[in-house]
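J.: Residue numbers (our numbering), protein chains in the order written: chain A, 1 to 174; chain B, 175 to 597.
Derived by calculation from the structure, the hints in this document are not laboratory data. Built from N, CA and C at the ideal position, the CB exists for glycine as well. Heads up, none of these hints are tricks.
Per label pair, the in silico range of CB-to-CB distance:
id	chain 1	residue 1	chain 2	residue 2	range
1	B	Gly585	A	Ala155	18 to 24 angstroms
2	B	Arg494	A	Lys102	38 to 44 angstroms
3	A	Ala82	B	Ala584	43 to 49 angstroms
4	B	Ala584	A	Val172	29 to 35 angstroms
5	A	Gly137	B	Ala584	49 to 55 angstroms
6	B	Lys367	A	Thr96	29 to 35 angstroms
7	B	Asp573	A	Asn159	37 to 43 angstroms
8	A	Val172	B	Lys277	57 to 63 angstroms
9	B	Ala532	A	Val172	45 to 51 angstroms
10	B	Asn453	A	Gly64	41 to 47 angstroms
11	B	Lys597	A	Lys102	46 to 52 angstroms
12	B	Ala584	A	Leu136	46 to 52 angstroms
13	B	Asp530	A	Thr96	56 to 62 angstroms
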Amino acid sequence: MRNFKSVAFIVSTAALLAACSSPTKLNETPVVEKSPEPAAPVADTRDIRPVETGSVDPLNDPQGVLANRSVYFDYDSFVVRADGQPVVQNHSGFLTKNTSRKVLIQGNTDERGGTEYNLALGQKRAEAVRRSMASLGVSEGQIEAVSLGEEKPKATGSNEESWAENRRADIVYQ
Amino acid sequence: MKKLHFLLFSVSLAMGSAANAQLQIEIAGVGSNQIPVAIAAFADESVAPDKVSAVIRADLERSGVFKVIDAGQVISDRDAGSINLAAFKASGADALVVGSVAKQPDGRFAIRYKLMDTVKGGEISQMGGEVQPRYTRLQAHRIADDVYEKLTGVRGIFSTRIAYVKADAGAKRYVLAVSDADGENEVIATQGKEPIISPSWSPDGSKVAYVSMEDRKPVVYLQDLMTGRRNVISNQKGNNSAPSWSPDGSTLAVALSKDGNTEIYSVNSGGTGHRRLTNNAAIDTEPQFSADGKTIYFTSDRSGGPQIYKMSAAGGNATRVTFNGSYNISPRVSSDGKTLAWISQRGGAFSLYAMDLASGQELRLADGATEPSFSPNGKYIMYATKGGGRTSLAVVSVDGRVKQRLTTKAGNIREPSWGPFMK
Numbered sequence: 001m002r003n004f005k006s007v008a009f010i011v012s013t014a015a016l017l018a019a020c021s022s023p024t025k026l027n028e029t030p031v032v033e034k035s036p037e038p039a040a041p042v043a044d045t046r047d048i049r050p051v052e053t054g055s056v057d058p059l060n061d062p063q064g065v066l067a068n069r070s071v072y073f074d075y076d077s078f079v080v081r082a083d084g085q086p087v088v089q090n091h092s093g094f095l096t097k098n099t100s101r102k103v104l105i106q107g108n109t110d111e112r113g114g115t116e117y118n119l120a121l122g123q124k125r126a127e128a129v130r131r132s133m134a135s136l137g138v139s140e141g142q143i144e145a146v147s148l149g150e151e152k153p154k155a156t157g158s159n160e161e162s163w164a165e166n167r168r169a170d171i172v173y174q
Numbered sequence: 175m176k177k178l179h180f181l182l183f184s185v186s187l188a189m190g191s192a193a194n195a196q197l198q199i200e201i202a203g204v205g206s207n208q209i210p211v212a213i214a215a216f217a218d219e220s221v222a223p224d225k226v227s228a229v230i231r232a233d234l235e236r237s238g239v240f241k242v243i244d245a246g247q248v249i250s251d252r253d254a255g256s257i258n259l260a261a262f263k264a265s266g267a268d269a270l271v272v273g274s275v276a277k278q279p280d281g282r283f284a285i286r287y288k289l290m291d292t293v294k295g296g297e298i299s300q301m302g303g304e305v306q307p308r309y310t311r312l313q314a315h316r317i318a319d320d321v322y323e324k325l326t327g328v329r330g331i332f333s334t335r336i337a338y339v340k341a342d343a344g345a346k347r348y349v350l351a352v353s354d355a356d357g358e359n360e361v362i363a364t365q366g367k368e369p370i371i372s373p374s375w376s377p378d379g380s381k382v383a384y385v386s387m388e389d390r391k392p393v394v395y396l397q398d399l400m401t402g403r404r405n406v407i408s409n410q411k412g413n414n415s416a417p418s419w420s421p422d423g424s425t426l427a428v429a430l431s432k433d434g435n436t437e438i439y440s441v442n443s444g445g446t447g448h449r450r451l452t453n454n455a456a457i458d459t460e461p462q463f464s465a466d467g468k469t470i471y472f473t474s475d476r477s478g479g480p481q482i483y484k485m486s487a488a489g490g491n492a493t494r495v496t497f498n499g500s501y502n503i504s505p506r507v508s509s510d511g512k513t514l515a516w517i518s519q520r521g522g523a524f525s526l527y528a529m530d531l532a533s534g535q536e537l538r539l540a541d542g543a544t545e546p547s548f549s550p551n552g553k554y555i556m557y558a559t560k561g562g563g564r565t566s567l568a569v570v571s572v573d574g575r576v577k578q579r580l581t582t583k584a585g586n587i588r589e590p591s592w593g594p595f596m597k
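This is chain B alone, in the form it adopts within the complex (with noise of 0.2 angstroms):
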């Protein structure tokens, strides 16, 4: 038995580094307006399997927000009290870091945190938390999300998860994969032969929807992440995909072609209870809820090409709200309400585009990007993009500013489903 587990163990070790997501980063033009954070060593830090304060780091500097400064030395939140502030402030942070880990008798991390401030005195915030070995990362992500929400007014995204698909048409196989928000801790959640599409989670963050086509027909599956238990969903006659959740997580929308074009209906996160909610000859696909649950965005080709559309989640007539370039597909709505995201193809090239929905302001946001996901604040949209011969992922900051590269050493990524927020 001891054996197994270590060779499973050192098997996954292997399979961890060589799917590990490299990140690269690019931030353009935020110079200063970065809120300036020293951040320094946790004391007994290497007693973890993860250097605390290099996870914090990396969160921060990713997040495009921050001018990390480190600050070259050991300090424990147990001495908070006699740090020099003063001197912090000089050298440019608003705030610092300090904290703590300690191994427990019973082999858990008590990993403790404060966040001092520099310009007033005292202290901002603290954290303390006792997690397993393999929760340091985590641990230490929503210390970076503590940080992120306490300077910022914005709930951090560093301790979510996003799901994405792998694709290998030539050796015949097909990976749903469920990962840390940085790319960290890839683990598999569905393997098959045959392509699967259109990954979304559930509200609460216990499943997924997919479409799988290992029947030869596309077929919406929810599955349970942590027993790995799967149900159909919809297996109407016809294409069944395109599953999308209401916040409640009571129903998800699909898109059916049981009528013999492609409706947009709602089935019961069960399974039953399939109500129609559009109607004309014209395809009607993509159904997306508004973070309130009342409205649910969609594309239709009903004007002659790909528009997205609105209507009430009850179904009914819907209202244009795309007008600009002939080919506009894949709405995606922040959780706050504010911004609409979308795919426009203009002059042969696709593109993503992000509207404030108040004042109907768009604004282009990357180039060569399909299958966008919002992050559960609102502030990020990752998509899938082609670059030498691959699809990898990426991921742009709402106002354009930020830009992340996610990439792995083989392989094409692609379909990513960002995850919500979760205790």
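Here chain A stands alone, though its shape is the one from the complex (with noise of 0.2 angstroms):
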């Protein structure tokens, strides 16, 4: 714990010095990301936390059906395919049993086009996940669709492999 202490001290300091160039009029306040959160308190090793049986959190099973949370695209398409259909109903089934828990819908393109345009479009793929849930039941409040565009790509290379992985529209639970 110790040691994380002092590497987030260093990170941080390090930090500060390089948003700290050229002293110019601009910025003598340079924006720094925020800290890293505190470190988790010492757990006693003699503690024993209760445990009931068959109440795993779903969405933590990474055999689960829930663990799939992407939905792919056709190129220049904004329709949910059939391989999409079975992430939309299992994650719509899981919100309309849970309705205290919440998903944003980040859609994404390939990076061909403009940065902006591409932002619309990622949208528009959001959306359609958005409307295919909100049409089996999760309601307004659970959801939100945006877009991240071409701006953070799963897979970097350019060609048809990793366009299609990056035509995907995800869904993140808050």
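Please dock the two separately framed chains into a single complex, following the hints provided.
T.: What follows is the structure, encoded as structure tokens:
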């Protein structure tokens, strides 16, 4: 834990130093990203935390159907394909049963095209998933459709395989 | 305290030289149209951190408008009365730049210059100023602006600044940086782990609006450059992006998807008073105010593919502006109202186009171009271009004749926004 704190201190100091560039009239207080969260308290090794069987959060099960959170799209298309329907159905089912859970649907595009126009195209993909989920009963307050455009590609190649991977909407739990 | 300052200063120096943009200039086909200007070394100019005459020379050469002749000697403005101007005329120069630098007791530098007329004799212009050492380059740029304006009739842009994004997706590091128009004096304004796009200078040059994805969705921020304070201008449900300032600085136009699809809204610079300007099922985005603030140009795919449209700044009926090609985006209007620049995809490639708004004539200016930004005098366009696996910035003159390339040693630079005229 102490090591973590020292590293955090060094890292944030380095970030501060890096932020302070040439001394011009610009920006006496450079904007630095939020500092890391404080470390969790150290657990007593003799603590026992009781568990009830059957209460595993299905969202955390890497083998469960909810682990799959991506819906893929064809080029220039904003229609949820047949292979995306199970993802939509599974998460819609979970959200209608757990009405306090909220999701962000992040739409993405491949790298081809303009930045802002692709942001809007990615949003169309997110919106298509949102509409499908809403038609399956998920309430509007539980979903927000947004887009990252081409800015956060999962695959970095410039070929059809990478592009297909990036034409994607992700369901992100808040 | 002294030690800390020194460490910071030398760190920033090292960063400065590592980050220094290097300028490559290609000037094609200007030849006999260039104005020949001779530049003398300024008296005592080596006392200042930068050689003033060298900065002036680089600015004037970079513009592509001048043929710069080295006077080959030091000439002080104090000796202006005794210069053999006829000899300079005979050597081919129409004008001569002379000057001096003097260190004041308070540590500032008095930088003076005169622009001499070799044809008619006498003085065209002069300027004097006292600046802190760190503003030596700025004062030299102001002199270059004065030479440019006196000889062309158009205001110069050498003392302006540019903002741009440096993106390193692999390292998850995104930086919004500001530098002089020639790439020098780069300073980090904002940095973070998530993408920053669409920077846009306020008309008075004191603030930059931009889109940040630090909240896992696009949100429009407004940052005061001097204080570093930033406010959220728009974080409505869905996307918030594409900020563009009205010329009076009171309003921004933005693209919001809060209604389920992307529409154009206006909002006060304080972040209140959202007002909807477009209303149809298509994508409407990339709003840009005209110089008189009465018109907004924007990108819309209401006809099937993205095209440039315009409408009143109050919203309402839109008129289509581009008709060639099936993919036209990123409209930008020059501050003199004469030229529309945009990106057109033709035959698979993205190119920068300019349209003379009076005649409708189109001119292809550069290939492999995206994200254009006009200089504040309307004569140059900066854009992002890919080459050698990296994105960098380039500049082209509105008539297509002068091309410049701004490169750095590493990383991707994109999303340029050319800052306004400032005092």
